[in-house]
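A.B. asks: Sequence:
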Amino acid sequence: MKKINSIISSVVCTLTLTAVPFSASAAEEKVYGTMNIPYADFYKAEIEDAYEVDAVSSATTKGKWGMNGKGEIVEGTYNNGNGTILGVNFPVEVSADDVDALKEKYGFAAIDSKPTAYKEVSLSGDSLSVSKLVDTDGEQTVDGSATVSTNSYYGDYQIKVTGYPENTVLYGVIVNTKEDDHYAMRHLENIWRNGSYAWSAGIKTVEYHGNHVSYEDYESSKGKTVTSVTFITLDGYTTVNVGEQYLPIRFAGEVKAEDASAGTGKTALSITGFPEDYKKVITADEGLNVTETEISYTDAKPGKYTVNVEDESGKYAPMTAQFILSTNDVPVKFSDGKLTAADGFTDEDKANFLNNLATVDINDTSYKATGSKTIKLFKEDGSIDFDVTVSDAKVFENNGTYNITLNSTGYNAPYSFEVKNDVQNTTAATTAKTTKTTKKTTKTTTSASNSPKTGVNGMALPLAVLAFAGATAFVLRKKND
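Residue numbers for the sequence shown, in mature numbering (1 follows the signal peptide of the UniProt record, and there is no 0): -26 to -1, 1 to 455.
Please note that a few of the clues may not be correct.
[What the hints assert, rightly or not] For each label pair, taking beta carbons as the anchor points, the in silico distance ranges come out as: (1) Val108 x Asp154: 17 to 25 Å; (2) Gly261 x Gly311: 31 to 39 Å; (3) Glu286 x Ala19: 41 to 49 Å; (4) Ile256 x Glu153: 27 to 35 Å; (5) Thr344 x Asp71: 57 to 65 Å.
[Said to hold, decoys possible] Heads up, simulated BS3-like pairs for lysine-lysine below, C-alpha to C-alpha not over 27 Å straight-line: (6) Lys77 x Lys4; (7) Lys38 x Lys347; (8) Lys275 x Lys240; (9) Lys134 x Lys44; (10) Lys77 x Lys106; (11) Lys275 x Lys342; (12) Lys307 x Lys324; (13) Lys307 x Lys275; (14) Lys240 x Lys230; (15) Lys394 x Lys350; (16) Lys278 x Lys324; (17) Lys278 x Lys230; (18) Lys347 x Lys307; (19) Lys312 x Lys342; (20) Lys324 x Lys394; (21) Lys324 x Lys342; (22) Lys77 x Lys88; (23) Lys240 x Lys324; (24) Lys307 x Lys342; (25) Lys38 x Lys342; (26) Lys312 x Lys275; (27) Lys88 x Lys4; (28) Lys353 x Lys275; (29) Lys350 x Lys368; (30) Lys152 x Lys134; (31) Lys289 x Lys152; (32) Lys240 x Lys278; (33) Lys230 x Lys275; (34) Lys38 x Lys134; (35) Lys44 x Lys77; (36) Lys347 x Lys44; (37) Lys44 x Lys106; (38) Lys134 x Lys342; (39) Lys289 x Lys134; (40) Lys312 x Lys347.
No lab work stands behind these hints: they were computed from the structure. The C-beta atom is built at its ideal place from N, Cα and C for all residues, glycine as well.
The task is simple: from the sequences and hints, build the whole structure.
C.D. replies: Pasting the structure below:
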């Protein structure tokens, strides 16, 4: 028995040593793993210590800061559990002597093989040192394209890139300029999906959801020319060349047009705070005549209109103003099961009302009629589509009477009417509800883990070692018997 135990111990020790996920040689004392890296440390060497990259606070964006599970919008990040994204969880190479401290402070977890791309990390007391990316396959350079917008919900500049790495997690994005500046992007505040990246340069400092955005490190981007965008993934660097994309200088000016009545008339226009060398070119929607102080129009339909002011030289960013021409008329009616033009109005008037539809209120629920997740209530013939869904949820789920109110921009009075849904859809409604609940439950389960998700293969626990040892013990015992 003693001999058997000795053999088992020897087998376990041998297999355990080979199973330990330290892929470097013992002489080098290097260990590979993943760990939480604060943005400041992750980007420091990448942007040559130009500035310290802050964490991202986004407590009002409906919990998106916590959506770091596989396939979610901020996959690969980690957070403080209270609305702030602190950095990314990324592969690293560390000294074996630092493993315990890094595990405690930065959630280090060993992996079973040397990654394709990683950061070299060392720890001296409380001081963390993080290298530039080590890309064992070499940096990839591709030709792509980009468009720049100075009219973004999320800051002063928004750049949309084509040719970027798709179907992979973006751990870092760096916007590079001809002037040799490098601007680090952070998840949620700067990095979004579909190749779009936005930042504030100090003019628009509150984004669409009400979050105050960082701008101090990006103020110098005004007037610069973007030439490439570098992406950091688990496969290493990919730099997309985008030609020369100028960032027109943003400034704290204002273009303001007053709302007025539709039909024939005029309204005031003011243009203030523009640089002296701004060479104004002023245009407006079709049917409007515009000067620097006034907008005039003839037979203008109700709705929202836009005035544009551009710099002829292209040095400065364009600015716009929107205004509403309104009426008290209601040019539609619901009759014989269809929405038609009201008496005294034309089909063109009805079409204009529907084209400007902003929201649709059905009983106690309000649905958007423009943008994403909108409702398309009417069929081509003007009848109600009782099978319509919004975000996969059936709008007319039950039989009965529904109160509907149409709110259209430029029409001061909403139009309300009642409809009755007589079609029995109990089975379909129940199925839709069940599916929605199932999806929600699955999503919650996926997000429940506190462990950062990186998409990097981790080590397998040495259960196989125990199984092998047990099998060895059984064979030796049989032989001994």
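A.B. asks: Run every hint past the structure and note whether it holds.
C.D. replies: The hints, checked one at a time:
1. Separation of Val108 from Asp154 is about 23 Å and conforms to the stated range, judged on CB atoms against 17 to 25 Å.
2. Restraint check, Gly261 to Gly311: a C-beta distance of roughly 35 Å satisfies the suggested window 31 to 39 Å.
3. A hinted range of 41 to 49 Å for the beta carbons of Glu286 and Ala19 is consistent with their spacing of about 42 Å.
4. About 31 Å separates the C-beta atoms of Ile256 and Glu153, a value consistent with the hinted range of 27 to 35 Å.
5. For the pair Thr344 and Asp71, the beta carbons lie near 59 Å from each other, so the given range of 57 to 65 Å is met.
6. The straight-line distance between the Cα atoms of Lys77 and Lys4 is roughly 15 Å, inside the 27 Å bound, and the hint therefore holds.
7. Annotation: proposed proximity of Lys38 to Lys347 holds, straight-line Cα distance about 17 Å (limit 27 Å).
8. Restraint check for Lys275 and Lys240: the C-alpha separation of about 13 Å stays at or below 27 Å, so the hint holds.
9. About 24 Å separates the Cα atoms of Lys134 and Lys44, which keeps this hinted pair within 27 Å; it holds.
10. Restraint check: the Cα-Cα separation between Lys77 and Lys106 comes to about 21 Å, which is no more than 27 Å; the hinted pair holds.
11. About 22 Å separates the Cα atoms of Lys275 and Lys342, which keeps this hinted pair within 27 Å; it holds.
12. Only pairs whose Cα atoms come within 27 Å are accepted, and Lys307 paired with Lys324 is accepted, the gap being roughly 9 Å.
13. Distance check on the hinted pair: Lys307 and Lys275 sit about 18 Å apart at the alpha-carbon level, within 27 Å; holds.
14. For the hint pairing Lys240 with Lys230, the CA-to-CA distance comes to about 14 Å; that is within 27 Å, so the pair holds.
15. A threshold of 27 Å between alpha carbons decides the hint, and for Lys394 with Lys350 the separation of about 18 Å falls inside it, so the pair holds.
16. As the CA atoms of Lys278 and Lys324 are separated by approximately 16 Å, the hinted pair is consistent with the 27 Å bound.
17. Between Lys278 and Lys230 the CA atoms are separated by roughly 14 Å; this keeps the pair inside 27 Å, and the hint holds.
18. Using a Cα cut-off of 27 Å, the hinted pair Lys347 and Lys307 holds, with the two alpha carbons roughly 26 Å apart.
19. Only pairs whose Cα atoms come within 27 Å are accepted, and Lys312 paired with Lys342 is accepted, the gap being roughly 21 Å.
20. Proximity of Lys324 to Lys394 is assessed by CA-CA distance (about 23 Å); at most 27 Å being required, the pair is judged to hold.
21. With a CA separation close to 19 Å, the supplied pair Lys324 and Lys342 stays within the 27 Å bound.
22. The suggested pairing of Lys77 with Lys88 holds, with an alpha-carbon distance near 18 Å, which does not exceed 27 Å.
23. For the hint linking Lys240 to Lys324, the alpha-carbon distance of about 24 Å falls within 27 Å, and the restraint holds.
24. Distance restraint check for Lys307 and Lys342: the Cα-Cα separation of roughly 21 Å lies within the 27 Å cut-off, and the hinted pair is therefore satisfied.
25. With a CA separation close to 21 Å, the supplied pair Lys38 and Lys342 stays within the 27 Å bound.
26. Between Lys312 and Lys275 the CA atoms are separated by roughly 23 Å; this keeps the pair inside 27 Å, and the hint holds.
27. The hinted pair formed by Lys88 and Lys4 meets the criterion: a straight-line CA distance of about 10 Å does not exceed 27 Å.
28. A hinted pair counts as satisfied when its Cα atoms are at most 27 Å apart, and Lys353 with Lys275 qualifies at roughly 24 Å.
29. Between Lys350 and Lys368 the CA atoms are separated by roughly 12 Å; this keeps the pair inside 27 Å, and the hint holds.
30. Pair hint Lys152 plus Lys134 holds up; C-alpha atoms about 18 Å apart against a cutoff of 27 Å.
31. Distance hint between Lys289 and Lys152 is fulfilled; the C-alpha atoms sit about 16 Å from each other, no more than 27 Å.
32. Restraint check for Lys240 and Lys278: the C-alpha separation of about 15 Å stays at or below 27 Å, so the hint holds.
33. For the given pair, Lys230 sits about 20 Å from Lys275 by alpha-carbon distance, which is consistent with the 27 Å threshold.
34. At roughly 21 Å between alpha-carbon atoms, Lys38 and Lys134 fall within 27 Å of each other, so this suggested pair holds.
35. A C-alpha spacing of about 22 Å is found between Lys44 and Lys77, which places the hinted pair at or below 27 Å, so the restraint holds.
36. Our distance criterion of 27 Å between C-alpha atoms is met by Lys347 and Lys44, whose separation comes to about 23 Å.
37. Taking the CA atoms of Lys44 and Lys106, the gap is near 25 Å; set against the 27 Å cutoff, the hint holds.
38. A C-alpha spacing of about 26 Å is found between Lys134 and Lys342, which places the hinted pair at or below 27 Å, so the restraint holds.
39. Restraint check: the Cα-Cα separation between Lys289 and Lys134 comes to about 20 Å, which is no more than 27 Å; the hinted pair holds.
40. Of the pairs offered as hints, the one joining Lys312 and Lys347 holds, with about 24 Å between alpha carbons and a cut-off of 27 Å not exceeded.
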